[in-house]
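*Asks:* So the chains spell out like this:
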Amino acid sequence: MSIIKGLHIRTVIVLLFVTLAIVVTYNLVKPEQVVSFSSDIKPILNKHCISCHGGVKKNGGFSLLFEEEAFAKTESGIPAIIPGDAKNSSFIKRLHESDPELRMPYKRPALSKEEITLLTKWIDQGAKWGAHWAYSAPQEVEIPKHQETANVIDGSNIRPVNEIDHFILTKLEEQNIQPNALADSTTLIRRLSLDITGLPPSESLFKQWTTNKLSYSALTDSLLSKNTYGEKWASWWLDLARYADSKGYEKDNGRTMWRYRDWVINAFNENMPFDQFTVDQLAGDLLDDPTTDQMIATAFHRNTMNNDEGGTDDEEFRVAAVMDRVNTTFDVWQSTTMACVQCHSHPYDPFKHEEYYGIMGFFNNTRDEDTPGDEPVIKFYNDNQRDKIDNVNQWIEKHGNQQLAKSYKNFLLFNEPIYQAHLAEDFTNGELQDTKWLSLWDNGSCYLKDIYTQGSSYIYLKYWTNNNGTKIIIREKDKNGQILSSFTLNKTNGRTIDRFPLKSIDYKTDLYIEAHNSSLGPQQGTSSIVWFGFLEDLPGKQESGYTQIDDSFLSLLNIRTPTLPIMLDNPSYMARENRFFERGNWLLKGDTVKPHTPPALNEWNPDWPNTRLGLSKWLVSKQNPLTARTVVNRIWHQLFGRGIVSTLEDMGTQSEPPSHRALLDWLAFRLMNEHDWQLKPLIKDIVMSRTYRQSSKSNAALYNTDPENKFYARGPRHRLSAEQVRDQALMVSGLISYKMGGPSVMPPQPDGIWQTVYSGAKWTESKGEDKYRRGIYTYLKRTSPYPSFISFDAGSREVCTIRRTITNTPLQALVTLNDPVYLEASFYLAEQMLEKEDIREAIAYGYRRAMFTDISETKISELEKLYDEAFTEFNNDSDRTKDFLSYDATPTAKEAAMTVVAGAIMNLDEFLTKS
Amino acid sequence: MDNTERLIQEKIKREIETQTRRHFIKDCVAGMGGIALSSLFFSCNSFFDNKKGGKLSLTERDLNPLATLAPPFPPKVKSVIYLHMAGAPSQLEMFDYKPELQKLHNQSCPESFLEGRKFAFIRGVPKLLGPQAKFNQVGEAGNWVSEYLPHFKKVADEVAFLKAVNTDQFNHGPAQLFMHTGSPRLGRPSIGSWVTYGLGSENQNLPGFVVLTSGGKNPSAGKSVWGSGFLPSVYQGVQCRSKGDPVLYIDDPKGMSRGLKKRTIDAINSINKEEFDNYSDPETLARINQYEMAYRMQIAVPEVMNINNEPDYIKEMYGVEKGKESFANNCLLARKLVEKGVRFVQLFDWGWDSHGTDHSTAVDLGLKNKCREIDRPISALILDLKQRGLLDDTLVVWGGEFGRTPMQENREGKEQGYKGRDHHVDAFTMWMAGGGVKKGASWGKTDEIGFSALEGQVSVHDVHATILHLLGFNHEQFTYDFQGRPFRLTDVHGHVIKEILA
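In order, the protein sequence lines correspond to chains A and B.
Take the first sequence: its position 708, counted from the start at 1, is 708 in UniProt numbering, and no numbers get skipped.
Take the second sequence: its position 402, counted from the start at 1, is 402 in UniProt numbering, and no numbers get skipped.
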């Protein structure tokens, strides 16, 4: 006021006007910030608008999901958004309405002033639509340069070790958070070893490390080269692949899948590049002349469940399996929840309803049909049998052609293509036995529609029967059609594959099948047929040696071999029509849909075949925006317990924003372009960083600033996985078996866990070293998984598991305190501890074996006290000692007491945790 | 004070507690100097001191995932006992009285019922099968109940019937999953898991969600019907068994005394406390808490699972069979568990799949025996809950995964030697009893042969919505984010069945 005082009042007014004019002019001409669609606008739309104006609902005919929808005419007849003209856009006007019936968001709190300003500016600036960062391919990223600084707390140097640290430290500096110093070397080797091999370090490696014979880099290389590396990382992949040893659903019968599990372990150990790893699993069967390994890899998508329950519709569950393949493929490679799009356009991400069926088109032409035999399978012949197959092959190549040789080979290897019995329809006096196998009664008949016999002179049949003298007549078209084949089925010794002469026809037709056996009672099945097959005739009929080759072929067909379910496509004459399902309902079929990928992602290369093979190439194209980012994000999560995008299952508009987007892109770009998709160097990059090597110690200030550790001012600290908890106890006690691969094993579990409906399956406890195999080899029955693994958050793998939620429950304590497996491990650790004379020394030794570091004074005195009390108790009661240590013929109180101490060590938080 | 009022009071009290918890705990920790190792310590643990000064700000759930939470709306009941007759019981021999069907017995089923229909096992044109049980009107409400259930008349007036429930799954596995997880495919959380996740448990010495099975087998869909799906595994049902350890690994190893176990846990926890001072990781605190809880559970579980100490008149009332795995024993256990504050008790009784393929599955033979096995225990359960004042706080739900056809089954088109019925999804009976449920009500009507619903059709999702409603949830708002989207028990369906609410 004192300034104004003494001035003429008019001067004051003029001054005020001038000031005002300056302010207004400045505001008009100041450079305006350009509003970004993806970082400013899309989050507002997702939060407030899209639930009523998006994929599922389009209230008022207005949707904000896709660009063309947002600017299209609404029910009012004009578009709600007029680019460049916010004032006249009803989208903005409705935000300002005072009438609650009109004001948007309807019946929800109004938008904030800031939000409305942003939206207004965006429209005035032309309402530019933009793609989310996750939908354009990662580019080369400039690495921020972080200068070495001193830690303000202890004065130590904070020195970036590799590029990762530059990204992390720059961000920490922005956040004004001080990173931790490096972890001490013994903590670090345990962390690294658990992360790379799933196990604590071996004694010899530990010794080399602590005596400075190994650099950190050499230590990392050494761990990455161990076979245990593949076992550790395979358990991550098997969660994604929904690998299990049973089929799921009611019956949950066993399924021999372990060859696929072993393939994954080997692929990791051989450092197979991720692009090849992808192609082999999704489309190995479609490669030129695939190897057996490539066929095994395709079992990835045969881990889908199979329903053997009587009365279920095989087509329903075939479709369910195909949809699971679509969903899983996008869960695993694209961090995208396609399951939403099954029924409607994605509510948040740019994927349209019909695009789901475009992807489904790639998967919808496989041979599997939810049959109890899990066909198609690959048969594993022995060397001698393989030689015979080669002979058959050579014969056909010589007397026929390569193409024919291949169909014979495929028929021997896969028993495909075949027509499954469940295709039979229009029964008279007959039925599908248990809705699975064709069973005609006396004078029974049925149809097989639309069959192509390839001009074959034989019909192949897989069947079994206990009756002699059943006459089967097969006619063309219907009961009045010409007889194509007529033969007698006699009692078989179990299931058999046989062939019978057939009139050769070279076009598609319906087959009418009759059965006659008057010796049977009413409603009694004559035989049970599993499938029908046709094969062009074996060439060289006139040549000598033909009969031997033909016999050899027939006997090979009937050889029972181990098998594995695999993927195979239908031949063209059996191709399945891929149709759109209204609202995701498989019974409401719409138009046919050609296989195609979502246009929001990378472009399709016309050179790619329009099959699963093309799809897999599209996924591992360097232009695909999501595959590499997904892989690096999940590997980062394996090591740090948190993804750079923390929502591992979702990388798109609805995901958490990445904590370090540039780092994510740098890693993704490097994986593709410098590491050629190899994962070992990617893992090495991460573990070499100072960020990874930091101490995981926290404190209240650090914790409260960043409870989730998303800025990485401290190293990772997490409870071990279910498998690791077991493997570590076995290793520390010396019980562990390092035997690799082979059928899954059944370590001891309490009685009465398996109660299977209608199945004789039993948990037969493994013997010898198989009792002590690594967790990855434990038999997984989906409806009844190994109980202690479930307690420690392993899943039952019915569907793809992207991450396991880590919980902390009393049931876990009960497992490690009371499960005989852990008691036995404690005993064997105690035995080694007792090699030291002195009790204190023994305890210190046991602790060091478990934790790879020296025990503190308070801890040792606590455990010594426990030992003394336990010793007194057992010493006073030798029966108790005997009960407690049933492993030992002559147990002593000393052993019992030390077992209690060893058990306590193996229950410590620090033991169950990677720090 | 009536029950609702009491529950409202409780809720208000809890809310005030939550609001003031932070202050309370701050004082508590400061007052105790922040160092102690006892249960008391963990009752006041939102702010946690670590040695190096400063406090971690944590919620109660960070340390104990089963900590009690108030539901968003005033609840009618606090706990649920869900009785599932696995295999699907025949409504036509139990609760849905169809005299007309009797008249049409043995006649061919009209084509109109069969057109465009698929059954699990019925083929061609089956014959109608009249009800094999006699029915009487019971209680003041006069609802019809079959003679197969003579004891049930004592409690019929406590019950609200749903006579026209439908499902869209006609095979056991998927239908059971649908009934318990809201989806026929594996991978979703069961209703018990949802409820335990939403409310926690009142008793920290027992699991919050307990499963008891009888009939010799687990349900067809296996343990997934009480699985936690994408919810943290701590919310999955814990199967308490009558044989072997009641809960897996609950027994101490042979030769280990309780005292020594206590000492062991004390040593572990004291070392873990040092670890916490070092690392300030709240997971370590949670682990200390869980080890204490495990120790308490080891006492509490065998105690609650032991029915021998119950007075004789109670044992008789339920028809308890000593040392056996029976539905009667499980009903008594359910009452004990609910009394102790367990949130959700799920009973499965196997053996209700009355296809008529043999004696045990004939609707006039085996089914009668199955009814006898459950009749007394169920009536006893409701009466016992009532006499203890627990029925007002508890919801009892009864049902199967679907119903059975009014037609005689003709598996694979053959005539069968026994009377049996195929799976039927269009209309079947369920009932509820307890707090908030209209006593003696009956909602829904089927046609004269019991094939289709005429009115009051309700879906599985509606049943779920109603159960959640009674527990104080709006089923549309009770969600969990997974794979990038919010999930609900009722997916995008479900309406609360107001007609059976008091």
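Treat the hints with care, since some could be wrong.
As the list claims (entries may be wrong) - Result set (SDA-like, lysine to any residue): computed pairs, CA atoms no more than 25 Å apart in a straight line:
| no. | chain 1 | residue 1 | chain 2 | residue 2 |
| --- | --- | --- | --- | --- |
| 1 | A | K762 | B | R241 |
| 2 | B | K261 | A | D877 |
| 3 | B | K243 | B | D277 |
| 4 | B | K118 | A | R576 |
| 5 | B | K419 | A | Q433 |
| 6 | A | K697 | B | D266 |
| 7 | A | K171 | A | Q147 |
| 8 | B | K261 | A | K697 |
| 9 | B | K414 | B | G130 |
| 10 | A | K58 | B | F482 |
| 11 | B | K262 | A | D877 |
| 12 | A | K865 | B | K439 |
| 13 | A | K739 | A | W763 |
| 14 | A | K589 | B | H493 |
| 15 | B | K439 | B | S459 |
| 16 | A | K113 | A | L45 |
| 17 | B | K118 | A | Y419 |
What the hints contain is simulated information worked out from the structure, not anything from laboratory work.
Please read these numbers as outputs of a predicted model, since none were measured by experiment.
*Asks:* None of the hints should be skipped; say for each whether it holds.
*Replies:* Hints, verified against the model:
1. A:K762 <-> B:R241: holds, 19 Å
2. B:K261 <-> A:D877: Holds: K261 (chain B) and D877 (chain A) sit about 16 Å apart, inside 25 Å.
3. B:K243 <-> B:D277: violated, 42 Å
4. B:K118 <-> A:R576: holds, 23 Å
5. B:K419 <-> A:Q433: It holds: about 21 Å lies between the C-alpha atoms, which stays within 25 Å.
6. A:K697 <-> B:D266: Answer holds: K697 (chain A) to D266 (chain B) is near 24 Å, not above 25 Å.
7. A:K171 <-> A:Q147: It holds: about 13 Å lies between the C-alpha atoms, which stays within 25 Å.
8. B:K261 <-> A:K697: violated, 30 Å
9. B:K414 <-> B:G130: Holds, because 19 Å separates the two Cα atoms, which is no more than 25 Å.
10. A:K58 <-> B:F482: holds, 24 Å
11. B:K262 <-> A:D877: Holds - the C-alpha atoms of D877 (chain A) and K262 (chain B) are around 18 Å apart, at most 25 Å.
12. A:K865 <-> B:K439: Outside the cut-off at roughly 61 Å; violated.
13. A:K739 <-> A:W763: holds, 21 Å
14. A:K589 <-> B:H493: holds, 22 Å
15. B:K439 <-> B:S459: Cα-Cα ~21 Å, so holds.
16. A:K113 <-> A:L45: holds, 15 Å
17. B:K118 <-> A:Y419: holds, 23 Å
Of the hints listed earlier, those the structure fails to meet are numbers 3, 8 and 12, in rising order.
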